[in-house]
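Chains as they are written, first to last, in my numbering: chain A, 1 to 305; chain B, 1 to 309.
Hints are supplied without guarantee of correctness; some may be wrong.
What the hints assert, rightly or not - Sample of chain A residues lacking proximity to chain B, with all beta carbon distances greater than 12 Å (derived):
#, residue
1, V62
2, V65
3, A135
4, Y203
To be verified - FRET-style restraints, in silico, Cβ to Cβ:
#, chain 1, residue 1, chain 2, residue 2, range
5, A, R216, B, R33, 41 to 49 Å
6, A, W69, B, V142, 21 to 29 Å
7, B, I61, A, E263, 36 to 44 Å
8, B, F273, A, T168, 41 to 49 Å
9, A, G70, B, I61, 38 to 46 Å
10, A, R7, B, R214, 35 to 43 Å
11, A, L60, B, G84, 55 to 63 Å
12, B, V42, A, R216, 36 to 44 Å
13, A, W126, B, N226, 27 to 35 Å
14, B, V42, A, N225, 33 to 41 Å
15, B, S303, A, T168, 31 to 39 Å
Read the hints as simulated data drawn from the structure, not as lab findings.
Values in this document were obtained by computation on a predicted structure and should not be read as measured data.
We put the beta carbon where it would ideally sit given N, CA and C, even for glycine.
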Amino acid sequence: MLAFTLRRLLLALLVAFTVSLVSFALLRISGDLAAAIAGPEATAAQVEAIRIDFGLDQPLPVQYVEWLWGALRFDFGNSFFFRDTVANLIGNRLPVTLTLGALAILFALAVSIPLGVVAAVKQNTWVDRLALTVAVSGQALPSFWFGLILILVFSVNLRWLPVSGSETWQHFVLPAVALGYYATPSIMRLTRTGMLDVLSSDYIRTARAKGLRPNRILFKHALRNAVIPVVAMAAVQFGFMLGGSIIIETIFSLRGIGHLMYESISRKDFPVVQAILLLIALIYITLIFVADLLNAWLDPRIRVA
Amino acid sequence: MSILGKGESPFLRMKVTAAESYIAPSPWRLLRRRVFGHAGLVVGGTVFLLIVLMALFAPLIAPYDPYAQSLTNRLVPPIWHENGTWAHPLGTDRLGRDYLSRLIYGSRISLAIGLATAVISGLIGSVLGICAGYFGGRVDMVISYIITVRLALPAVLVALAVVAITGSSLHLVILVLGLLLWDQFAVVTRSATMQIRSQDFVTAAEALGCSKFRLIFSEVLPNVMNPLIVVLTLEMAHAILLEAALSFLGFGVQPPLPSWGLMILEAKPYMFFSGWMILLPGAALFLLVLAIYLMGDGLRDVSAPENRN
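For reference, chain A alone in the conformation it holds in the complex (with noise of 0.2 Å):
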């Protein structure tokens, strides 16, 4: 288990460097950046003026082994815009996007897990067929379409919550359903193949046999086991969920990170833009590898691969 995690660690690290060097060229490469910031009515002294004055005159190598000796501290300098640092920006941010996933992805268990439980239980009838059919339709929604709807009907039409804004956990709720629900039929499919091959197991059987009352046997002895891919997978789509989080952000105001990527990308803030990137990259692959870590420690099997 310990080389395992070694390993695996090593491989996060590596992931993580090859990622912010990634990032890092993508802004620098596919368009001059000095231009952009200047803006197009800008003179070519002032793009040169603003070159010099972001160091974006070094050569690519030196810009970019400055710019990750400095996130490795995490000082990923000042905003364009803002006169505040960018860690400051991100760490003000942070909590309602991470609070935001949160609720999502409960949301999103709290509706799938049963779906699937039901859909295998009462598989290839019409309850099953249902819930597949939900499955489907949820994933051809347009979060940022879906959101909107909400908005219609809750604020506008029954005036149960609010439009937008992040003060109150009301604000919380439509935003975390438009992001929850892309996750549900994934999870949805997965406890429902769970539930179908460990109901068709042995111990089950025997549990059966020995007379354990259905309940018992679906949530003591079959949910348990096959929950544990879902809990691996739900880490997944929670970093996911930080990535769609711009659109969910953007429509119902709520001052996350996602809000804030938004902002700067269309301020070519690009200190903002590059540390929420890499943020989020770095976010995900702690948790594919703590994912990776459960699932190990769950199945000895997978150790040995």
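Starting from the known structure of chain A, fit chain B onto it as the hints suggest.
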């Protein structure tokens, strides 16, 4: 027996006729039976085909030029509202452009993005995946590493940032999404190739002295085609949704093109008074993506019925 001659025994004759009357269904017939027996595939395929036809014949179907503005006819509501008129069955937008015509032309953009992106990413992903699965060892290690790195990069954010620097256009969105969405292709073709690699017919072809190129193209590729087509449909849907999201954020397809995502963005200021303006393009998007997903799921069931669950 000798008196009756060959094949003249009444029993024998019965057997022969029974064998003749039973004609085994041809593979095509079996396929047809499976395809048309699958409700999701039939419904999804039909809707998808209708949308493709709508895109192809847009100039014939659309009642108006989707770009023609008419400032005296702005924000006309659709026909089911009190003030709706049959002149504009689905109303007009803030510049007086006919909404129905824009929705019809919008299908062209979504389909173009979906197809072009899936082809680009499919090429990249399947080359990487087949190489990793076929050669294994070091090659597999390096390619798996590349896939891991790609998965760690949040696609939406990278696409947004790149498009924001380079300036956005339809071609750029296709290129960026195509270069980003190849991961599933690589993952699926890699594992499919690994399975095929160890089969006897590949070993036999190798023993016959086939070149690597020929082995990959005529032994491996035809056998990974099924999963590849399934991923192709799913990634098409993915690309269509992403383009809509990018356009909705203002960094995708640019005005005046009638992209459905862009139409939702343009309708957003009016959403509280004219909800139909965001409902219609979103519904079109939902319908197209749902049809593609149903088709993809159906194709998976039809091509590999044994792992349906």
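Against the structure, the hints come out as follows:
No beta-carbon of chain B is positioned within 12 Å of the beta-carbon of V62/A; the least distance is around 20 Å. At the 12 Å boundary, the C-beta of V65/A stays outside the reach of chain B, the nearest C-beta of that chain being 20 Å off. Chain B draws A135/A into its interface by the beta-carbon criterion, the shortest separation being 10 Å against a cut-off of 12 Å. With a least beta-carbon separation of about 20 Å from chain B, Y203/A lies farther than 12 Å from that chain, consistent with its non-interface assignment.
One distance hint, 41 to 49 Å for the beta-carbon pair R216/A and R33/B, holds here, with the actual separation near 44 Å. Between W69/A and V142/B the C-beta distance comes to about 28 Å, which sits within the given range of 21 to 29 Å. At roughly 40 Å, the beta-carbon separation of I61/B and E263/A lies within the given 36 to 44 Å, and the hint holds. Between F273/B and T168/A the beta carbon distance is about 27 Å. The supplied range of 41 to 49 Å is therefore violated.
Taking the beta carbon of each, G70/A and I61/B are about 57 Å apart, not inside 38 to 46 Å as hinted. In this structure, R7/A and R214/B meet the distance hint of 35 to 43 Å, their C-beta atoms being roughly 37 Å apart. Between L60/A and G84/B the beta carbons are some 58 Å apart, a value that agrees with the proposed interval 55 to 63 Å. Distance hint check for V42/B and R216/A: the Cβ-Cβ separation is about 42 Å, which falls inside the suggested range of 36 to 44 Å.
Distance hint for W126/A and N226/B: a CB-CB separation of about 29 Å, consistent with the stated range 27 to 35 Å. Taking the beta carbon of each, V42/B and N225/A are about 37 Å apart, inside 33 to 41 Å as hinted. At about 50 Å, the beta-carbon gap between S303/B and T168/A misses the expected band of 31 to 39 Å.
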